[in-house]
Amino acid sequence: MTTLINLCNFFPIQANEYFPAYIMRLRYLGKYLSLPSEMFISDVKAATISDNIYPRSIIPCIKKLVSENIVSNNYSIDCKVLTNHYSANYWQGFIKPSELNLYNTAIINGHKVSKNLFEGEQLLKVFKPLKFCRMCAQDDRELTGLSYWHSDHQIPTIYICRKHSIALEHAVWEHKKTLIDYPVISPNSACRIPKIVITPLHVWLESQSRHLLTQPLPITRAWVASIRTSLYEMLEVRHTIRSVMFSRELINQWVLFLKEAFKKLEPTQRYGAGFELSAAFTVQRILFPKNKYTHPMMFLLLIKFTEEYLGVNLSIGQAINSEADGYIDKQLN
Numbered sequence: 006m007t008t009l010i011n012l013c014n015f016f017p018i019q020a021n022e023y024f025p026a027y028i029m030r031l032r033y034l035g036k037y038l039s040l041p042s043e044m045f046i047s048d049v050k051a052a053t054i055s056d057n058i059y060p061r062s063i064i065p066c067i068k069k070l071v072s073e074n075i076v077s078n079n080y081s082i083d084c085k086v087l088t089n090h091y092s093a094n095y096w097q098g099f100i101k102p103s104e105l106n107l108y109n110t111a112i113i114n115g116h117k118v119s120k121n122l123f124e125g126e127q128l129l130k131v132f133k134p135l136k137f138c139r140m141c142a143q144d145d146r147e148l149t150g151l152s153y154w155h156s157d158h159q160i161p162t163i164y165i166c167r168k169h170s171i172a173l174e175h176a177v178w179e180h181k182k183t184l185i186d187y188p189v190i191s192p193n194s195a196c197r198i199p200k201i202v203i204t205p206l207h208v209w210l211e212s213q214s215r216h217l218l219t220q221p222l223p224i225t226r227a228w229v230a231s232i233r234t235s236l237y238e239m240l241e242v243r244h245t246i247r248s249v250m251f252s253r254e255l256i257n258q259w260v261l262f263l264k265e266a267f268k269k270l271e272p273t274q275r276y277g278a279g280f281e282l283s284a285a286f287t288v289q290r291i292l293f294p295k296n297k298y299t300h301p302m303m304f305l306l307l308i309k310f311t312e313e314y315l316g317v318n319l320s321i322g323q324a325i326n327s328e329a330d331g332y333i334d335k336q337l338n
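Quick note: to get the numbering used here, add 5 to the position in the sequence shown (first position is 1).
Rather than coming from a laboratory, the hints here were simulated on the basis of the structure. Model, not experiment: these values are computed from the prediction. Any given hint could be a false lead.
[Unchecked claim] Calculated pairs, BS3-like style, for lysine-lysine (alpha carbon to alpha carbon, straight line, at most 25 Å):
| # | residue 1 | residue 2 |
| --- | --- | --- |
| 1 | 181 | 50 |
| 2 | 297 | 130 |
| 3 | 50 | 68 |
| 4 | 85 | 133 |
| 5 | 297 | 181 |
| 6 | 69 | 50 |
| 7 | 85 | 297 |
| 8 | 101 | 68 |
| 9 | 168 | 269 |
| 10 | 68 | 85 |
| 11 | 133 | 181 |
| 12 | 297 | 120 |
| 13 | 101 | 181 |
| 14 | 117 | 297 |
| 15 | 50 | 36 |
| 16 | 130 | 120 |
| 17 | 182 | 130 |
| 18 | 117 | 68 |
| 19 | 36 | 182 |
| 20 | 69 | 117 |
| 21 | 69 | 120 |
| 22 | 309 | 269 |
| 23 | 68 | 268 |
| 24 | 130 | 269 |
| 25 | 101 | 309 |
| 26 | 68 | 120 |
| 27 | 117 | 295 |
| 28 | 85 | 101 |
| 29 | 85 | 168 |
| 30 | 309 | 264 |
| 31 | 69 | 36 |
Turn these sequences into a full structure, and let the hints guide you.
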């Protein structure tokens, strides 16, 4: 453990550095040292890190590196780690604290648990590649000597670098290459693919996501609960013993909305035909009262759909983020 502590002290985590990438960086730097077994994540598990908002394979590493912040025996991960290096303010409001603690406890104790924290997350991985800003990479290299992966850039509904007001780029690696191979960004670590064409939908999702990042978790949880109630009323939900029901017209319009939204968010369409028909994406499933793990992206898309379908305003903040607003003006004019 002393070896790991010394390594962390000598190579500290950077501000806003993506925690899984930091683990891989330590693993690379300490490859000739006696590191804890938790650090040696398999290639198979490493390949799935970018798929999830809260990668399961990294959780034991958090316990090792910040063990003093594990609260008693309930394995409540220190909020600073999650907030500063996992962008937790974005996603934690969509899951109950008790459920997150149960998830952490099961993984740390080696019990069987779902690969994904949020329902439908495995299907949505195509919308969550590792992303980076070339200008940030250059700035970081000049300031710290290395170009590291930024935590907020990895949020699935973040598309623009807030600092530089430019579209983020997707990291595309050779076959079977993972974050293990590229723990930092370098000219050879990512191949460029066509940049995302920023649309009003991207800007709306960006502004809502950025606003979530600035809010304390209690406020976000209260907002999610309030919006759920509003959606129940506005979309005229009908309750049955086992589920909730909506009109056929609304369901059809939602499917059409999703189909168009997915095309805009992933123009290369690296997903199968009828993707929008998945059971995990239905209005019934997203608003099911017993659903404990609502995926932030799907919840935000449902809000946007409701705004357009009913002509109402349910946005988190009234004003669009000025950086995103300025960027879209440049793109559209």
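For each hint, the structure was consulted:
1. 181 - 50: holds (12 Å)
2. 297 - 130: Status holds; Cα separation ~20 Å.
3. 50 - 68: holds (18 Å)
4. 85 - 133: Holds: residue 85 and residue 133 sit about 23 Å apart, inside 25 Å.
5. 297 - 181: Given pair residue 297, residue 181 is violated - Cα atoms ~33 Å apart, limit 25 Å.
6. 69 - 50: holds (18 Å)
7. 85 - 297: Distance ~23 Å between residue 85 and residue 297 Cα, so the pair holds.
8. 101 - 68: The hint holds at about 20 Å.
9. 168 - 269: Satisfied, since the Cα-Cα distance of roughly 24 Å is no more than 25 Å.
10. 68 - 85: The hint holds at about 13 Å.
11. 133 - 181: The given pair, whose Cα atoms are some 17 Å apart, holds under the 25 Å limit.
12. 297 - 120: holds (15 Å)
13. 101 - 181: violated (35 Å)
14. 117 - 297: holds (18 Å)
15. 50 - 36: holds (18 Å)
16. 130 - 120: holds (12 Å)
17. 182 - 130: Distance of about 17 Å is within 25 Å: holds.
18. 117 - 68: Given pair residue 117, residue 68 holds - Cα atoms ~18 Å apart, limit 25 Å.
19. 36 - 182: Roughly 18 Å between the alpha carbons, so the hint for residue 36 and residue 182 holds.
20. 69 - 117: holds (20 Å)
21. 69 - 120: Cα-Cα ~20 Å, so holds.
22. 309 - 269: This hinted pair holds, its Cα atoms lying about 14 Å apart.
23. 68 - 268: violated (39 Å)
24. 130 - 269: Distance ~15 Å between residue 130 and residue 269 Cα, so the pair holds.
25. 101 - 309: This hinted pair holds, its Cα atoms lying about 23 Å apart.
26. 68 - 120: Holds - the C-alpha atoms of residue 120 and residue 68 are around 18 Å apart, at most 25 Å.
27. 117 - 295: holds (21 Å)
28. 85 - 101: holds (18 Å)
29. 85 - 168: It holds: about 22 Å lies between the C-alpha atoms, which stays within 25 Å.
30. 309 - 264: holds (14 Å)
31. 69 - 36: The hint holds at about 17 Å.
Of the numbered hints listed earlier, those contradicted by the structure are 5, 13, 23.
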